[in-house]
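One line per chain: the protein sequences are G and D, in this order.
For the first sequence, the positions run 210 to 430 when the working numbering is used.
For the second sequence, the positions run 210 to 430 when the working numbering is used.
No lab work stands behind these hints: they were computed from the structure.
Treat the hints with care, since some could be wrong.
Unchecked claim - With the Cβ distance kept under 8 angstroms, some of the chain D side facing chain G (calculated, not the full set):
1. 271
2. 275
3. 278
4. 281
5. 282
6. 286
7. 298
8. 299
9. 305
10. 320
Said to hold, decoys possible - When the alpha-carbon atoms are kept at most 27 angstroms apart in a straight line, the in silico BS3-like pairs for lysine-lysine are as follows:
11. G:350 <-> D:262
12. G:262 <-> D:314
13. G:314 <-> G:340
14. D:354 <-> G:314
15. G:271 <-> D:314
16. G:340 <-> D:215
17. G:412 <-> G:400
18. D:314 <-> G:249
19. G:249 <-> D:388
20. D:271 <-> D:340
21. D:262 <-> D:426
22. D:354 <-> G:271
23. G:354 <-> G:339
24. D:340 <-> D:400
25. D:235 <-> D:215
26. D:339 <-> G:262
27. G:354 <-> D:249
28. G:340 <-> D:249
29. G:262 <-> D:340
30. G:339 <-> D:262
31. D:271 <-> G:356
32. G:340 <-> D:262
33. D:332 <-> D:249
34. D:340 <-> D:314
35. D:339 <-> D:400
36. G:350 <-> G:426
37. D:350 <-> G:271
38. D:354 <-> D:339
39. D:314 <-> G:314
40. D:340 <-> G:271
No experiment lies behind these values; they were computed from the predicted model shown.
From the three backbone atoms N, C-alpha and C, an ideal C-beta is built for every residue, glycine too.
There are 2 protein chains.
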Amino acid sequence: MKSEVKLLGAWPSPFVTRVRIALNMKSVEYEFLEERLESKSQLLLQSNPIYQKIPVLIHRDKPLSESLIIVQYVDDVWSSHSPILPSDPYDRAIARFWAAYIDEKWYPTMRSIRGAEGIEEKKRLIEEVKKGLGLLEEVFKNSSKGKGFYGGDQLGMLDIALGGFLGWLRVTEIANGVKLLDQGNTPELVKWAQRFCEHDAVKHVMPDTGKLIEFAKTLKR
Amino acid sequence: MKSEVKLLGAWPSPFVTRVRIALNMKSVEYEFLEERLESKSQLLLQSNPIYQKIPVLIHRDKPLSESLIIVQYVDDVWSSHSPILPSDPYDRAIARFWAAYIDEKWYPTMRSIRGAEGIEEKKRLIEEVKKGLGLLEEVFKNSSKGKGFYGGDQLGMLDIALGGFLGWLRVTEIANGVKLLDQGNTPELVKWAQRFCEHDAVKHVMPDTGKLIEFAKTLKR
Numbered sequence: 210m211k212s213e214v215k216l217l218g219a220w221p222s223p224f225v226t227r228v229r230i231a232l233n234m235k236s237v238e239y240e241f242l243e244e245r246l247e248s249k250s251q252l253l254l255q256s257n258p259i260y261q262k263i264p265v266l267i268h269r270d271k272p273l274s275e276s277l278i279i280v281q282y283v284d285d286v287w288s289s290h291s292p293i294l295p296s297d298p299y300d301r302a303i304a305r306f307w308a309a310y311i312d313e314k315w316y317p318t319m320r321s322i323r324g325a326e327g328i329e330e331k332k333r334l335i336e337e338v339k340k341g342l343g344l345l346e347e348v349f350k351n352s353s354k355g356k357g358f359y360g361g362d363q364l365g366m367l368d369i370a371l372g373g374f375l376g377w378l379r380v381t382e383i384a385n386g387v388k389l390l391d392q393g394n395t396p397e398l399v400k401w402a403q404r405f406c407e408h409d410a411v412k413h414v415m416p417d418t419g420k421l422i423e424f425a426k427t428l429k430r
Numbered sequence: 210m211k212s213e214v215k216l217l218g219a220w221p222s223p224f225v226t227r228v229r230i231a232l233n234m235k236s237v238e239y240e241f242l243e244e245r246l247e248s249k250s251q252l253l254l255q256s257n258p259i260y261q262k263i264p265v266l267i268h269r270d271k272p273l274s275e276s277l278i279i280v281q282y283v284d285d286v287w288s289s290h291s292p293i294l295p296s297d298p299y300d301r302a303i304a305r306f307w308a309a310y311i312d313e314k315w316y317p318t319m320r321s322i323r324g325a326e327g328i329e330e331k332k333r334l335i336e337e338v339k340k341g342l343g344l345l346e347e348v349f350k351n352s353s354k355g356k357g358f359y360g361g362d363q364l365g366m367l368d369i370a371l372g373g374f375l376g377w378l379r380v381t382e383i384a385n386g387v388k389l390l391d392q393g394n395t396p397e398l399v400k401w402a403q404r405f406c407e408h409d410a411v412k413h414v415m416p417d418t419g420k421l422i423e424f425a426k427t428l429k430r
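Extracted from the complex, chain G is given alone in its bound form (with noise of 0.2 angstroms):
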């Protein structure tokens, strides 16, 4: 029988991390497809034209790209239970606000650090990165209202969105001697962080950091 959803993705991708998270928080069953680098598939060609990029979601033979986009897309679709969005309009423009922050300001300049140029450089980077994990732990101080996840309660669109991210959080803390998420700066994303590892519908999917150093020597080569 034909798989309903398929998604095109890699394993070592946070983005990828992300929609499979949504999925899993739905309930939904789909077939992954395992795009490499190297030579991309046709499907995925025709399926994200654009930047051919994955993740691509393929549902009922009509794809969509870009994981946050395709994370909204999920929760309208199996509105049913698990909602991902907070349901009050605020709350929702505020996860929107914070999740973009994720995608376009931190980090771009997280990925920036094996790149940097210099000690002074790479540290000026770090220090950034940890002061965005030091604004997303006040955020996550707000919106969680005491509860274990940025959604409260249950898993929501700013824990998908910046959990994706911690397999190469520990990658970059890892390949330069650092803490990103510290006792100090971050103790409640610490704590987060756990947690959103160990939710079920995360531990099968996230990466194992170990093989992400090993992939990640592979990209350097």
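On the provided structure of chain G, position chain D as indicated by the hints.
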């Protein structure tokens, strides 16, 4: 009486124009607080500490920034009429995809024409902008379903996302002696642009092209 809705903006900003159109569509009365580039207000700095940018919408003393996030918020809060996002989840995701394309790819290219070094580079950028408009012409044909707007009969998310830039598109055309929207490449968008600018929600808030040209000269100085 204190106004329930305030908008911190500036008349030449395409991002502010988007929010004004959305508020007009919903017949929301608001107080418009004109910000000055050279000295940002205390209210702006404290309402949007992360980016310190307009537009900021303040609704019942709670601030929001990022134009497309505000537009979605306006649609969520004043939901009883004139829907801005499509009701179908897939159509909604597609509208979000192309709105993000406009903000992340198309507009940055158009904006960079002004500072381009050399005629060849300028030509290349102009061709890229036209190619993007060609794509948006195809999207229009698919989503308008023979009606006047991206959203069908009524203005929608994509009309607002692209339409907000029409003033600056014309300035770019005049400054460079080119047609970006033209009968050959984008016949449907040529007609759409005229309809859009004549729409009741748009015509009083779309900046005048002549005034924008004068404003652009002050930016150069």
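Okay, the hints, checked on the actual structure:
Restraint check, residue 271 of chain D versus chain G: the minimum CB separation of about 6 angstroms is within 8 angstroms; hint holds. Look at residue 275 of chain D: its Cβ gets to within about 6 angstroms of chain G, closer than 8 angstroms, so that hint holds up. With 8 angstroms as the threshold, the beta carbon of residue 278 of chain D comes within range of chain G, its nearest partner Cβ sitting at about 5 angstroms, so the hint holds. Given hint, residue 281 of chain D at the interface with chain G, holds; its Cβ is 7 angstroms from that chain's nearest Cβ, closer than 8 angstroms.
With a least beta-carbon distance of about 4 angstroms to chain G, the hint placing residue 282 of chain D at the interface is held under the 8 angstroms criterion. For residue 286 of chain D, the interface hint holds, since its Cβ comes within 8 angstroms of a Cβ in chain G; the closest pair sits about 5 angstroms apart. Because the smallest distance between the Cβ of residue 298 of chain D and any Cβ of chain G comes to about 4 angstroms, under 8 angstroms, the interface hint for this residue holds. Hint on residue 299 of chain D holds. Least Cβ distance to chain G is approximately 6 angstroms, under the 8 angstroms limit.
Proximity of residue 305 of chain D to chain G holds as hinted, the smallest CB-CB distance being about 5 angstroms (cut-off 8 angstroms). Nearest Cβ of chain G to the Cβ of residue 320 of chain D: about 16 angstroms, over the 8 angstroms cut. The hint is violated. For the proposed pair residue 350 of chain G and residue 262 of chain D, the alpha carbon gap of about 25 angstroms is at most 27 angstroms, so the pair holds. Taking the CA atoms of residue 262 of chain G and residue 314 of chain D, the gap is about 15 angstroms. The hint holds against a cut of 27 angstroms.
For a cut-off of 27 angstroms, the pair hint linking residue 314 of chain G to residue 340 of chain G stands: about 11 angstroms separates their Cα positions. A C-alpha spacing of about 37 angstroms is found between residue 354 of chain D and residue 314 of chain G, which places the hinted pair above 27 angstroms, so the restraint is violated. With a C-alpha separation of about 23 angstroms, the suggested pair residue 271 of chain G and residue 314 of chain D falls inside the 27 angstroms cut-off, and the hint holds. With a C-alpha separation of about 30 angstroms, the suggested pair residue 340 of chain G and residue 215 of chain D falls outside the 27 angstroms cut-off, and the hint is violated.
Under the criterion of a C-alpha separation no larger than 27 angstroms, the hint pairing residue 412 of chain G with residue 400 of chain G is consistent with the structure, at around 15 angstroms. Between the alpha carbons of residue 314 of chain D and residue 249 of chain G the distance comes to roughly 22 angstroms, so the proposed pair stays at or under 27 angstroms and holds. In summary, the hint linking residue 249 of chain G to residue 388 of chain D is not supported, as the alpha carbons are separated by about 36 angstroms, beyond the 27 angstroms threshold. For the hint linking residue 271 of chain D to residue 340 of chain D, the alpha-carbon distance of about 40 angstroms lies beyond 27 angstroms, and the restraint is violated.
Distance check on the hinted pair: residue 262 of chain D and residue 426 of chain D sit about 21 angstroms apart at the alpha-carbon level, within 27 angstroms; holds. For the proposed pair residue 354 of chain D and residue 271 of chain G, the alpha carbon gap of about 18 angstroms is at most 27 angstroms, so the pair holds. About 23 angstroms separates the Cα atoms of residue 354 of chain G and residue 339 of chain G, which keeps this hinted pair within 27 angstroms; it holds. About 18 angstroms separates the Cα atoms of residue 340 of chain D and residue 400 of chain D, which keeps this hinted pair within 27 angstroms; it holds.
This hinted pair checks out: residue 235 of chain D and residue 215 of chain D have alpha carbons roughly 15 angstroms apart, not beyond 27 angstroms. At roughly 23 angstroms between alpha-carbon atoms, residue 339 of chain D and residue 262 of chain G fall within 27 angstroms of each other, so this suggested pair holds. Under the criterion of a C-alpha separation no larger than 27 angstroms, the hint pairing residue 354 of chain G with residue 249 of chain D is inconsistent with the structure, at around 33 angstroms. With a CA separation close to 24 angstroms, the supplied pair residue 340 of chain G and residue 249 of chain D stays within the 27 angstroms bound.
Taking the CA atoms of residue 262 of chain G and residue 340 of chain D, the gap is near 20 angstroms; set against the 27 angstroms cutoff, the hint holds. Taking the CA atoms of residue 339 of chain G and residue 262 of chain D, the gap is about 23 angstroms. The hint holds against a cut of 27 angstroms. Proximity of residue 271 of chain D to residue 356 of chain G is assessed by CA-CA distance (about 23 angstroms); at most 27 angstroms being required, the pair is judged to hold. Between the alpha carbons of residue 340 of chain G and residue 262 of chain D the distance comes to roughly 20 angstroms, so the proposed pair stays at or under 27 angstroms and holds.
This hinted pair does not check out: residue 332 of chain D and residue 249 of chain D have alpha carbons roughly 36 angstroms apart, beyond 27 angstroms. Among the hinted pairs, residue 340 of chain D with residue 314 of chain D is consistent with the structure: their alpha-carbon atoms are about 11 angstroms apart, no more than 27 angstroms. Restraint check for residue 339 of chain D and residue 400 of chain D: the C-alpha separation of about 16 angstroms stays at or below 27 angstroms, so the hint holds. Pair hint residue 350 of chain G plus residue 426 of chain G does not hold up; C-alpha atoms about 36 angstroms apart against a cutoff of 27 angstroms.
Annotation: proposed proximity of residue 350 of chain D to residue 271 of chain G holds, straight-line Cα distance about 18 angstroms (limit 27 angstroms). Taking the CA atoms of residue 354 of chain D and residue 339 of chain D, the gap is near 23 angstroms; set against the 27 angstroms cutoff, the hint holds. Between residue 314 of chain D and residue 314 of chain G the alpha-carbon distance is near 16 angstroms, which keeps this suggested pair within the 27 angstroms criterion. In summary, the hint linking residue 340 of chain D to residue 271 of chain G is supported, as the alpha carbons are separated by about 24 angstroms, within the 27 angstroms threshold.
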